[in-house]
Amino acid sequence: MNTLGEKLNNHEIWKKLKSGDVLIKPEVSEIRTGISELDEPFSDGVKPGNLIEWGLPQGRNGRIFPILFLRKDIPLTIWIYADLGLDIYAPAWASHGIDLRRIFFIKCDDPVNKLKPLFRDDTFKIIIIDSPKKLSKGDISFVSVRARINKQVIFLIRNYFLSPRIGNPFAHIRVNCSQNNKGIYSVNFIKGKSLKRVLLTGSRFFNE
Amino acid sequence: MNKTSMAEVIDLKTFSMDETCPHFGAFCCEIEKVGKNIFSLTPRVMQWDKNTWLFDLSPCRNFWAIQREKKGKNLYELFEQILDASFKEEYLSVFANHPWQCLLFLESLLKKRAKGVYSLNTLLNRRIYESLSWDHWFRPLGILSEHLNYLKVKGFRESEFHSKQAQLKRFIKRMDLWGAFDLSQADVASIKRRFSGWLGEVWEWTFDGFLEDGKKSPNSLTSAENQINLGSFPWIPFKLDDPPRVIRHLEYPVNQWDVIESLLIEDFSKLCAIKSWSEKERVSSIIWVITLYNLEELKLGLSFRNPYSLHRDARNNFKTALYQAYYNYMGLMDKLKARETDLDLPEEIPFVRWRIEINERLYISPQIMELISTKDGGLDYEGILDLQNKIPLPIESYIIVPDFIPDLSFRSHEVGSNDSEYNFSLNQWIEASFNRPFFYYRNPLPINSPLELKLKFLERTSNDWWVSENLRDVTKDYYLLEDREGKFIWVFRDNSGAWYKHGIYS
Chain A
1229 MNTLGEKLNN
1239 HEIWKKLKSG
1249 DVLIKPEVSE
1259 IRTGISELDE
1269 PFSDGVKPGN
1279 LIEWGLPQGR
1289 NGRIFPILFL
1299 RKDIPLTIWI
1309 YADLGLDIYA
1319 PAWASHGIDL
1329 RRIFFIKCDD
1339 PVNKLKPLFR
1349 DDTFKIIIID
1359 SPKKLSKGDI
1369 SFVSVRARIN
1379 KQVIFLIRNY
1389 FLSPRIGNPF
1399 AHIRVNCSQN
1409 NKGIYSVNFI
1419 KGKSLKRVLL
1429 TGSRFFNE
Chain B
18 MNKTSMAEVI
28 DLKTFSMDET
38 CPHFGAFCCE
48 IEKVGKNIFS
58 LTPRVMQWDK
68 NTWLFDLSPC
78 RNFWAIQREK
88 KGKNLYELFE
98 QILDASFKEE
108 YLSVFANHPW
118 QCLLFLESLL
128 KKRAKGVYSL
138 NTLLNRRIYE
148 SLSWDHWFRP
158 LGILSEHLNY
168 LKVKGFRESE
178 FHSKQAQLKR
188 FIKRMDLWGA
198 FDLSQADVAS
208 IKRRFSGWLG
218 EVWEWTFDGF
228 LEDGKKSPNS
238 LTSAENQINL
248 GSFPWIPFKL
258 DDPPRVIRHL
268 EYPVNQWDVI
278 ESLLIEDFSK
288 LCAIKSWSEK
298 ERVSSIIWVI
308 TLYNLEELKL
318 GLSFRNPYSL
328 HRDARNNFKT
338 ALYQAYYNYM
348 GLMDKLKARE
358 TDLDLPEEIP
368 FVRWRIEINE
378 RLYISPQIME
388 LISTKDGGLD
398 YEGILDLQNK
408 IPLPIESYII
418 VPDFIPDLSF
428 RSHEVGSNDS
438 EYNFSLNQWI
448 EASFNRPFFY
458 YRNPLPINSP
468 LELKLKFLER
478 TSNDWWVSEN
488 LRDVTKDYYL
498 LEDREGKFIW
508 VFRDNSGAWY
518 KHGIYS
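Chains A and B, in that order, give the protein sequences.
Taking my numbering as reference, the numbering of the first sequence is continuous, increasing by one, and the terminal residue is 1436.
Taking my numbering as reference, the numbering of the second sequence is continuous, increasing by one, and the terminal residue is 523.
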């Protein structure tokens, strides 16, 4: 049986302290899309512990943007979607580069109350809460605290465009995305490192 | 012909890699050799006759799918190894998607003196099943009748059941039919009308999944959502011994969760300390019987989607079991509150006593433990299974199926099961879905003709017209519709010109 001294010697923090690596940083792994126009305004935002709020009304094809972040070597991810009469059409996700072995789905209208163990657990490193029917400010606070503890990335998707007049103190980035009738995709940042509007054609990111 | 030469000529056990976990199994072995090991594949077992047992694999399908993934081998080979380790190769086991089909297939293989594991999902075994003789078909009916009698099933009369069997036998003789599949075209309603409802039921069980088109074969009963409806099949749970149980007489009436939680932790600890079971066993169901202040008894079921170790959960203060208990408690309190709104009571009725009982458990012997890998295969599927036991909603997972028809190009599957069921690239089917939306309506919604709106043609899909009876569905023209509000919608027009909304580009 190890003595307390041996245990301390083997402890990760002790090893780092002994090695002089006093500044212990969490293992940061920022998630990127690989599209420079998007990665620049999102930089340092989509990383473990952060909450990103998206304004993506249905029918505007905006969900392609959070999905762009899930295309490459994602950790285990869960997409919690509200019951709006629609189901997941998995082949479309796969065709946009999503690894279906790593993404899971739950249909739930009241995610925080019904799925609390999921937020307390760190199995899923990316959690997407899509158009929740019930989500109070207290719930968002709980989710963001758990995200920091478990080093998870949280995407909170709203089924409407976000307004800059009503803020969300828990969100690191707030962004509205949509596609117009000319096929141009618009990404409009209302909170984050740079508050700008990015316009992209589909070919810009579908060919990446 | 000896066993070796038979194996050289034809191997009935040829399993393909796209086998998915079946729903049921039948198992034949001398009763003396059957102990706790009978629960090594599933906690849900029924003793059909002296030497025959039925397995309901539904509580463990995820578990076995993951073990298959970890071992990187065929599921039935894994089952065979487990049963070999438990019963020393002196057994016969068959797997299918209905217990009755398992029994019939077992009957026909017993006559061939077969040993080992067989699946009704392989083409060769399906052909053997289809050549089932009337003798094999009639034989299990006697035992069925005993079970129905034992359960006192409403509407079942043994004498009528036997006389209708005799009537059917006379009919078969007159028609000179060799086996059950010679009469497979007779529909269930006709059999029920002519030979009684119960023979009709048996008829339905026999051919379930065998007569429809290829899309609805038993192989398609593989999605996580698919639950087999046993209907009127008489399932009598087999218990080897008294289940481990703990009874608590509360010192004072209580109905507050905070108090109940700490008492439950004590009770779960006591359950784990009972010597009649061990940490080798995994629990899939616990019964919590609560006695209310008015001495009314209410039975709650703590169900775990994946068999889990209560002993191991002790290290986490029984978090998983407590979550399940909490969901049940909340449901019960809501029910009581709704029931007692008319009564002039100050608060919900409290509990005075409860009993906690391990209802279903999977037995994993040390030999089986060696066969089951404990290493994670890169992804933490064990973590997901553990989570599934803690949350009240199912976690969905999907895989691609090589089919160009949009609705059939994917299916849900068990978390962690092998996704590389096809030994060829699925890229062309995946690419075909590029212009389709991420969310769709499982049942397309009829809409008015949108021809005056902005439409962009996407693709034409063609059904398997040679198996389809509905010619309206033969081809569908898919369009991207932009409605008046500027929303992008996935619509199609069928052969008759009718329009449907099938998805939303969200």
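Treat each hint with caution, since some may be false.
As the list claims (entries may be wrong) - Some, not all, of what chain A presents toward chain B, calculated at C-beta under 10 Å:
1. Glu-1258
2. Pro-1319
3. Ala-1320
4. Leu-1343
5. Val-1426
Stated by the list, open to error - What the simulated footprint calls covered on chain A by chain B, stretch by stretch (three residues with Cβ under 8 Å from a Cβ of chain B suffice, anywhere in the stretch; the number is not a length):
6. 1278-1289
7. 1328-1334
What the hints contain is simulated information worked out from the structure, not anything from laboratory work.
The beta carbon of each residue, even a glycine, is placed where N, CA and C say it ideally should be.
Against the structure, the hints come out as follows:
Among the interface hints, the one on A:Glu-1258 is violated; its C-beta lies about 21 Å from the nearest C-beta in chain B, farther than the 10 Å criterion. Hint status for A:Pro-1319 relative to chain B: holds, with the closest Cβ pair at about 3 Å, below 10 Å. A hinted interface residue such as A:Ala-1320 counts as satisfied when its beta carbon comes closer than 10 Å to some beta carbon of chain B; here the least separation is about 5 Å, so the hint holds. Proximity of A:Leu-1343 to chain B holds as hinted, the smallest CB-CB distance being about 5 Å (cut-off 10 Å).
For the restraint placing A:Val-1426 at the interface with chain B, the shortest Cβ-Cβ distance is roughly 20 Å, beyond the 10 Å limit, so the hint is violated. Under the rule that three or more residues need a Cβ within less than 8 Å of chain B, the assignment of the region 1278-1289 of chain A holds, with 5 such residues. Requiring three or more residues with a Cβ within less than 8 Å of a Cβ of chain B, the coverage given for the region 1328-1334 of chain A holds, as 6 such residues are present.
Going through the hint list in order, the structure does not satisfy hints 1, 5.
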